[in-house]
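Those protein sequences? They're chains A and B, same order as listed. For the first sequence, this note's numbering gives the first residue as 1197, with consecutive numbering after it. For the second sequence, this note's numbering gives the first residue as 44, with consecutive numbering after it.
A portion of the hints provided could be inaccurate.
DSS-like, lysine-lysine: derived pairs with alpha carbons at most 25 Å apart [as the list claims (entries may be wrong)]:
#	chain 1	residue 1	chain 2	residue 2
1	A	K1254	B	K83
2	A	K1255	B	K57
3	A	K1254	A	K1220
Chain B is nowhere near these chain A residues, computed Cβ spacing over 10 Å in every case [to be verified]:
#	residue
4	S1207
5	V1213
6	S1249
7	G1258
8	N1284
9	M1289
10	L1291
11	E1316
Note that these hints are calculated values from the structure, not bench results. Note that the coordinates shown come from a computational prediction; the quantities given were computed from them, not determined experimentally. From the three backbone atoms N, C-alpha and C, an ideal C-beta is built for every residue, glycine too.
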Amino acid sequence: MATNENTYELSYIVNSVISDEQVKNLVSRVTTYVSETGAEILEVDEWGARRLSYPIQKKRNGYYVNMYFRSSGTIITRLERALEINDNILRYMTLRMDAKMIRHYEESRARRVEEAAAAEAEPEPATETDK
Amino acid sequence: MNSPFREPEYVDYKDTELLKRYLNEQGKILPRRITNVSAKFQRQLTRAVKRARHMAMIPFVADSLK
């Protein structure tokens, strides 16, 4: 529909003090919000809870999510405003991906898929898939 | 590091392992004088470090970066 589509990378940190259930809801809310604008979601890569390098709003841990999508640029300001308002989003960053970034992303994604497959093959429980 | 280091075409801020190689113990970006990388790579590095700092992946100031 949109004439000028770009690929975007959105990373955000969710307050991990709230329950796992709430985190899950928030992540899916962000994802639906983006997809409802007509964007094509390429991937939602959840890193999970990690220790922050410095405290943000007195929190020491955060739940990291990286999502990748294709859409027109007009939704970005609205999206960022929504993220800004939500108190449970500690940080966010949207980047428009240029050709080099897309190439890099595709390579790293292939690597991740491979690793996930390798982890699946191993008898030990995979950590990436539980959530 | 066993193979000669090739400068990647894009420096990902999420790759903190790579970024940390170019920071001193305080978390400051090392000058090109020390890192000996191309100007292009150093610029990309600087960008990526600043992005990573914003996302709390690496510290702005660290007393000890383990």
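Violated hints, by number in ascending order, as checked against the structure
Hint check: 1, 4, 6, 7, 9 and 10 fail, others pass.
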